[in-house]
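Peer 1: Each chain, written out:
Number of protein chains: 2
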Amino acid sequence: MGDKSIKVTAPATVSNVGPGFDIMGFALDIAVEEMVVRIKSKPGIRIKKITGDKKGLPLNVKKNTATVALSHMLAKLEMNIGVELEIRKKMISGSGLGSSAASAVAAPFALNELLDRPFSKKDLMEFALLGEEVASGCIHADNVAPCLYGGFILIRGYNPTDIIQIEPPKKLHCTILHPQFEIKTSEARKLIKQNYSLKDIIAQSGNAAGLIAGLMKGDYGLIKRSLKDVIAEPARAQLIPGFYEIKEAAMNAGSIGCSISGSGPAIFAFSTSYEKGIEIGKAMKKVSSERVKKNIVYVSPINTVGPKIIG
Amino acid sequence: MGDKSIKVTAPATVSNVGPGFDIMGFALDIAVEEMVVRIKSKPGIRIKKITGDKKGLPLNVKKNTATVALSHMLAKLEMNIGVELEIRKKMISGSGLGSSAASAVAAPFALNELLDRPFSKKDLMEFALLGEEVASGCIHADNVAPCLYGGFILIRGYNPTDIIQIEPPKKLHCTILHPQFEIKTSEARKLIKQNYSLKDIIAQSGNAAGLIAGLMKGDYGLIKRSLKDVIAEPARAQLIPGFYEIKEAAMNAGSIGCSISGSGPAIFAFSTSYEKGIEIGKAMKKVSSERVKKNIVYVSPINTVGPKIIG
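Just so you know, the protein sequences line up as chains S and E, in that order.
All residue numbers for the first sequence refer to our numbering, where the first residue is 522 and numbers rise by one.
All residue numbers for the second sequence refer to our numbering, where the first residue is 522 and numbers rise by one.
Quick caveat, the hints were computed from the structure, so don't treat them as lab data.
Everything hinted at is true.
The list treats identical chains as interchangeable, and a pair is accepted whether it falls inside one copy or across any two copies.
Once the Cα atoms are required to be at most 25 Å apart in a straight line, the calculated DSS-like pairs of lysine-lysine come out as:
1. Lys745 <-> Lys642
2. Lys745 <-> Lys643
3. Lys738 <-> Lys691
4. Lys720 <-> Lys705
5. Lys738 <-> Lys692
6. Lys720 <-> Lys749
7. Lys714 <-> Lys749
8. Lys610 <-> Lys561
9. Lys525 <-> Lys583
10. Lys711 <-> Lys749
For reference, chain S alone in the conformation it holds in the complex (with noise of 0.2 Å):
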């Protein structure tokens, strides 16, 4: 085989939305990076190069979820083939989007295009999970999920995982403040309690019912009174100065929820239309640039196809 190689852009992902820490995710049309694989003759994975990221991700191929993902792959394929990858990372890392998850799906999604689809999206995401595995120390599916399927994900249970395709309303949109600085899953990982008392399991479990029956019946007054956290919110909301602040301009002016995107410092607020979330990502930057120096503000509707192939 030569030199074939083909561009893909892998969406950035909310994972956690609300009530639903650790079982929920969805797709954004925003791409996390870009990443060029090419299948070479020489046997191995090589990372050739990592552009747009000043932290500097893992060039090694034991460290990058890219290149984990893939080698689970190649281990499948019983195909001695090279193959090397070029990433260009359009966001910070620790952005709460989703960035590792989505270096994760896009190398074996780029790989089973080139090889005409040996792999079923199913078993994409078995190499997917893995991959992430080594960013976060543990199986999640909360942002590969999404990533790789698109849509709206509730990933009900492990052993072995169970995803669940959620259909979100057409005029559903959410806007992503990111203030530009890094917070590590693992340190926002620990503030998290280790115990809830019955009223919290109670309130949690009715609110995740909520936002699935409010999501599945277009019901935008449920989405909103179901955006009620227990779990993650009251631990992680000191990481992002001025959070509750935020998250107030972003409620007046017109959201229909609005809470941390996975591990933060990403924000997310969702609203009925594409001009409402202008309105919204205005406010919140606003109320967040008196206390972080940059911000980003992005406005999407919800990614219902997962990766793209751009060249």
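Given the structure of chain S, go ahead and fit chain E onto it with the hints provided.
Peer 2: Positioned in the frame of chain S, the structure of chain E alone reads:
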């Protein structure tokens, strides 16, 4: 006004529903009781007689859920009329099938019909909740709401009570095994743990969301995978002789999910047809009969109408 009267039935209801502790319930085509409500010229609320219940339900109008609900209704109505009730119970009390809720729903429903519906269902709900409060000591909608509205109900939260109607799949049937002994709700409540782990809260919210998605999608496999509970079932199974063996028998006979109804001793088991429901009931009864002398089995589709006028 003369001696106008009406005869109604209110349905049995299953609350908790596996992962839906305190937040879910559904109605069955099984009447808990028949109630005759009669408008009398002499003011005041009276219970003329209660039959069919050997234990003796409260005739005291301040303690019976039916008459407490009615007293709140009459207070809102500002009419100086008399109301007389005759109640014929069709189940022993302490069944776990929403007997007190059925009384609290039937009485205001019946009087509202006699008066040509001055109140909406939402109003009736408020009266019924206040009636049910005297039986349980706090506001609980997980039997009252499905009893009044019919169908499958999610109670997302309280303050105010947020009731969401979920349309279950048409083929869904429910088998009820009712071993003939009483469990007091207040005693069963004391067994519920007050503290839960992070793993518990993630599992419960994932399964609660999964059950709602399964019902709305008509995905029986998902319903089955979601029917897991970390709160009530592990705590209360000890109250029902042979519970886990009965559940195993139901699952082996083809049930798509089985757990304790309310605080028991009734056990519910879902299936996809009436015939399958009958088979499941036979299997459950066989196991329970080795431990409890008398067992009654019901098989029913989901009741989608609430109370019925029968005379």
